[in-house]
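Assemble the complex: chain U is given as a structure, and chain P must be docked to it using the hints.
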Amino acid sequence: MTDAAATPAISVKSLRKSFGDFEAVRGVDFEVETGEVFGFLGPNGAGKTTTINMLCTLTKPSGGAATVAGHDVVAARDEVRRHIGLVFQDPTLDGYLSAAQNLRLHAELYGVPKAAVAPRMRQVLEMVGLWERRDGQVLTFSGGMRRRLEIARGLMHSPRVLFLDEPTIGLDPQTRSSIWGYIRQLQESEEITIFMTTHYMDEAEFCGRIAIMDHGEIVALDTPEALKEAVGADRIRIETDDDGAAIEAIGERFGLEATVSEGAVSFAVPDGEEFVPRLFAELGVPIRSVSLSRPTLDDVFMSHTGTTIRDAEESSAKNRAKMSAQMMARTRA
Amino acid sequence: MSDAVATTADVVRVHVPARSWRSELRAVKIVWYRELIRFANDRVRIVTSLVQPLLFLFVLGAGLQQLSSASTDGVNLKTFIYPGVLCMSVMFTAMFSAASIVWDREYGFLREMMVAPVRRSSIVVGKCLGGATVAGFQGLIMIVLAPAVGVPYSVTLVLGVFALQLLLAFAITAFGVMVAARITQIQSFMGVMQLVVMPMFFLSGALFPVTNLPGWLAVLNRLDPLTYAVEPMRSLVFAHLDLSSSAEAALNPGITWFGWTVPVALSVFTVFALGMTMLAIAIWEFNAGD
Numbered sequence: 001m002t003d004a005a006a007t008p009a010i011s012v013k014s015l016r017k018s019f020g021d022f023e024a025v026r027g028v029d030f031e032v033e034t035g036e037v038f039g040f041l042g043p044n045g046a047g048k049t050t051t052i053n054m055l056c057t058l059t060k061p062s063g064g065a066a067t068v069a070g071h072d073v074v075a076a077r078d079e080v081r082r083h084i085g086l087v088f089q090d091p092t093l094d095g096y097l098s099a100a101q102n103l104r105l106h107a108e109l110y111g112v113p114k115a116a117v118a119p120r121m122r123q124v125l126e127m128v129g130l131w132e133r134r135d136g137q138v139l140t141f142s143g144g145m146r147r148r149l150e151i152a153r154g155l156m157h158s159p160r161v162l163f164l165d166e167p168t169i170g171l172d173p174q175t176r177s178s179i180w181g182y183i184r185q186l187q188e189s190e191e192i193t194i195f196m197t198t199h200y201m202d203e204a205e206f207c208g209r210i211a212i213m214d215h216g217e218i219v220a221l222d223t224p225e226a227l228k229e230a231v232g233a234d235r236i237r238i239e240t241d242d243d244g245a246a247i248e249a250i251g252e253r254f255g256l257e258a259t260v261s262e263g264a265v266s267f268a269v270p271d272g273e274e275f276v277p278r279l280f281a282e283l284g285v286p287i288r289s290v291s292l293s294r295p296t297l298d299d300v301f302m303s304h305t306g307t308t309i310r311d312a313e314e315s316s317a318k319n320r321a322k323m324s325a326q327m328m329a330r331t332r333a
Numbered sequence: 001m002s003d004a005v006a007t008t009a010d011v012v013r014v015h016v017p018a019r020s021w022r023s024e025l026r027a028v029k030i031v032w033y034r035e036l037i038r039f040a041n042d043r044v045r046i047v048t049s050l051v052q053p054l055l056f057l058f059v060l061g062a063g064l065q066q067l068s069s070a071s072t073d074g075v076n077l078k079t080f081i082y083p084g085v086l087c088m089s090v091m092f093t094a095m096f097s098a099a100s101i102v103w104d105r106e107y108g109f110l111r112e113m114m115v116a117p118v119r120r121s122s123i124v125v126g127k128c129l130g131g132a133t134v135a136g137f138q139g140l141i142m143i144v145l146a147p148a149v150g151v152p153y154s155v156t157l158v159l160g161v162f163a164l165q166l167l168l169a170f171a172i173t174a175f176g177v178m179v180a181a182r183i184t185q186i187q188s189f190m191g192v193m194q195l196v197v198m199p200m201f202f203l204s205g206a207l208f209p210v211t212n213l214p215g216w217l218a219v220l221n222r223l224d225p226l227t228y229a230v231e232p233m234r235s236l237v238f239a240h241l242d243l244s245s246s247a248e249a250a251l252n253p254g255i256t257w258f259g260w261t262v263p264v265a266l267s268v269f270t271v272f273a274l275g276m277t278m279l280a281i282a283i284w285e286f287n288a289g290d
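The listed protein sequences correspond, in order, to chains U and P.
Here this note's numbering is used: the first residue of the first sequence is 1, the next is one more, and so on.
Here this note's numbering is used: the first residue of the second sequence is 1, the next is one more, and so on.
Be careful, since some hints might not be right.
What the hints assert, rightly or not - A short list of chain P residues far from chain U (calculated; beta carbon distances all over 10 Å):
#, residue
1, HIS15
2, PRO17
3, SER23
4, GLN65
5, THR184
6, LEU207
7, PRO225
8, GLU248
9, GLY259
Claimed, not checked - Subject to a maximum C-alpha distance of 20 Å in a straight line, what follows is the list of computed EDC-like cross-link-like pairs (lysine to aspartate or glutamate):
#, chain 1, residue 1, chain 2, residue 2
10, U, LYS114, P, GLU24
11, U, LYS60, P, GLU285
12, U, LYS114, U, ASP90
13, U, LYS60, U, GLU33
Unchecked claim - Ranges of calculated distance between the beta carbons of each label pair, as one might list FRET restraints:
#, chain 1, residue 1, chain 2, residue 2, range
14, U, GLY20, P, ASP42, 55 to 63 Å
15, P, TRP257, U, ASP135, 39 to 47 Å
16, U, THR7, P, ARG182, 49 to 57 Å
17, U, PRO113, P, GLY63, 53 to 61 Å
18, U, ASP135, P, GLY74, 55 to 63 Å
19, U, PHE19, P, PRO214, 47 to 55 Å
What the hints contain is simulated information worked out from the structure, not anything from laboratory work.
This one's a predicted model, so the numbers in the text were calculated from it and none came from an experiment.
We treat Cβ as the ideally placed atom computed from N, Cα and C, and that holds for glycine.
This is chain U alone, in the form it adopts within the complex:
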């Protein structure tokens, strides 16, 4: 659908960043097409945030090059800034101002034409369901409302690329799904490109393509489907009359290693669907039931980074809880 000659929304070439001796990003290359929802995954400390910061012109690269919306992130910093929307993990709203005042401030800073401010504000606030609350002070908003307001604000100046850093972290499932609703709506109505990080694997499934970053490098980049296929093996679980004999037979006849877990024999095999008939025909041990599961993105993440996304998510959630506790304490003080 996208014209091959069109400039990609984001183009990154051997981008690197060092902090002293530490190489946070070690030469990454990728392109994001216009209109794509691009997921950026990786354990904490993998270099994701540093990469995003370089794309958003907040951090200067140590080497390599990147263009966003067709503009170089170093040479045309302001051009890049005018064409991107940013929704950070940490809140960046002014709690003492109303929702509308926060958006107006953003519009003024980004030079949105005066005549466009009011209609655009209404549109983005209606999209995130906060139009009725536009005059409410942001301090009185819940976490979900604030995140929605941040997204609305990031859209005020009609950015070509919207960066969302963990847009749904810490939110209830209902708010999470409504945020995904906005993202799809945006894709349809504004031809916007979305570059996002997330820790939720079920959400990563919604992305058109996913890059997994680890130790400062991109270790995998493809559609969720292709990434799962690349893991290769499906997982087959069988219940048999004689587990010991079954494990032995699987090893002898198919050269596969099986284990017993939770009362069933389980093993991994490529093209599981085609394998099941052979299994019945050749195993020689009666099978009572069989189940086959496709690899999940969790398996993908695990196979590329050696850690589960849940571990990564947990440590980040802990930091977050600590931070918000500090913020609360300060607000009261």
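Just chain P, lined up with the frame of chain U:
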């Protein structure tokens, strides 16, 4: 729902024009305006920052009057320290305005301003002008009190005092923003400001005439930038009073550098120049900030 669909279909596409001096001006204006909104919302701050000047003026002024009546040539002590208190009232408000940069950083809002496609200098200038305006409002309340300390109202007095207060508030905010660029914790920031502002106030001659001081105090007094705001303020207020020449000479002797009397205009310019210098440093610091 149909309503929402209709608005979505009819997307309000915004085209942001290229950067120009006009967009920078809009940025300065909105950052300035935000200071005003926040100040207007924060009534507690308006009241609390009045307490200290009022204490100095009425409690210290009235109390020490009993000791000092002989040496003030018939001038009420409250009248004498009034110009100093006019300076003091804007100092504290300006300091709090600058502190909001540190808060903004802690609450993340600074980031919203820093990633905007405008010059950092526009943000810093907006902030300093905002601090100056807010402090100017605070100063107006102190100007209203003039008759209570024996100073009659007049147009030139009110305009002159207000202009001097704006200038001083601007310089102090610029100083605060310069400090806030480096100090990222609110406790440390407040500590540094207290450490600087209180001695500056006491050394400035806000509470005493600057002649016949002990040598070390005279030196510190001449080095204190606030001296150059207090002296013009006092000259301005005294010009509207009917004072004996002996009282004028004793209480408002003027600042001297090695025996040379510094003209009022040069004092005012000194405050302005210092303010601009600190503003320039603040801008430089924020530009280098990432």
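Hints, one by one, checked against the model:
Against the 10 Å criterion, HIS15 (chain P) falls within the reach of chain U, whose nearest CB is about 7 Å from its own CB. With 10 Å as the threshold on Cβ separation, the claim that PRO17 (chain P) sits away from chain U is violated: the shortest Cβ distance comes to roughly 6 Å. Listed as a non-interface residue, SER23 (chain P) fails to keep its Cβ farther than 10 Å from every Cβ of chain U; the least gap is roughly 4 Å. Distance check for GLN65 (chain P) against chain U: the nearest CB is about 39 Å away, which clears 10 Å, and the non-interface claim stands.
With a cut of 10 Å on Cβ distances, THR184 (chain P) stays outside the contact zone with chain U, its closest approach being about 14 Å. For LEU207 (chain P), the condition that its CB be more than 10 Å from all CB atoms of chain U holds, with the nearest at approximately 33 Å. For PRO225 (chain P), the condition that its CB be more than 10 Å from all CB atoms of chain U holds, with the nearest at approximately 31 Å. Chain U leaves GLU248 (chain P) outside its interface by the beta-carbon criterion, the shortest separation being 47 Å against a cut-off of 10 Å.
The Cβ of GLY259 (chain P) sits about 52 Å from the closest Cβ of chain U, beyond the 10 Å cut-off, so the non-interface label holds. Pair hint LYS114 (chain U) plus GLU24 (chain P) holds up; C-alpha atoms about 14 Å apart against a cutoff of 20 Å. A hinted pair counts as satisfied when its Cα atoms are at most 20 Å apart, and LYS60 (chain U) with GLU285 (chain P) qualifies at roughly 17 Å. A C-alpha spacing of about 29 Å is found between LYS114 (chain U) and ASP90 (chain U), which places the hinted pair above 20 Å, so the restraint is violated.
Simply put, LYS60 (chain U) and GLU33 (chain U) have alpha-carbon atoms about 23 Å apart, too far for the 20 Å limit, and the pair is violated. Checked against the given bound of 55 to 63 Å, the beta carbons of GLY20 (chain U) and ASP42 (chain P), roughly 42 Å apart, lie outside it. Taking 39 to 47 Å as the suggested C-beta distance range, the pair TRP257 (chain P) and ASP135 (chain U) does not conform, at roughly 56 Å. Between THR7 (chain U) and ARG182 (chain P) the CB atoms are about 40 Å apart, so this pair departs from the stated range of 49 to 57 Å.
Take PRO113 (chain U) and GLY63 (chain P): their Cβ atoms lie about 60 Å apart, and the range 53 to 61 Å holds. The beta-carbon spacing between ASP135 (chain U) and GLY74 (chain P), approximately 57 Å, falls within the hinted interval of 55 to 63 Å. Between PHE19 (chain U) and PRO214 (chain P) the beta carbon distance is about 52 Å. The supplied range of 47 to 55 Å therefore holds.
When each numbered hint is compared with the structure, violations occur for hints 1, 2, 3, 12, 13, 14, 15 and 16.
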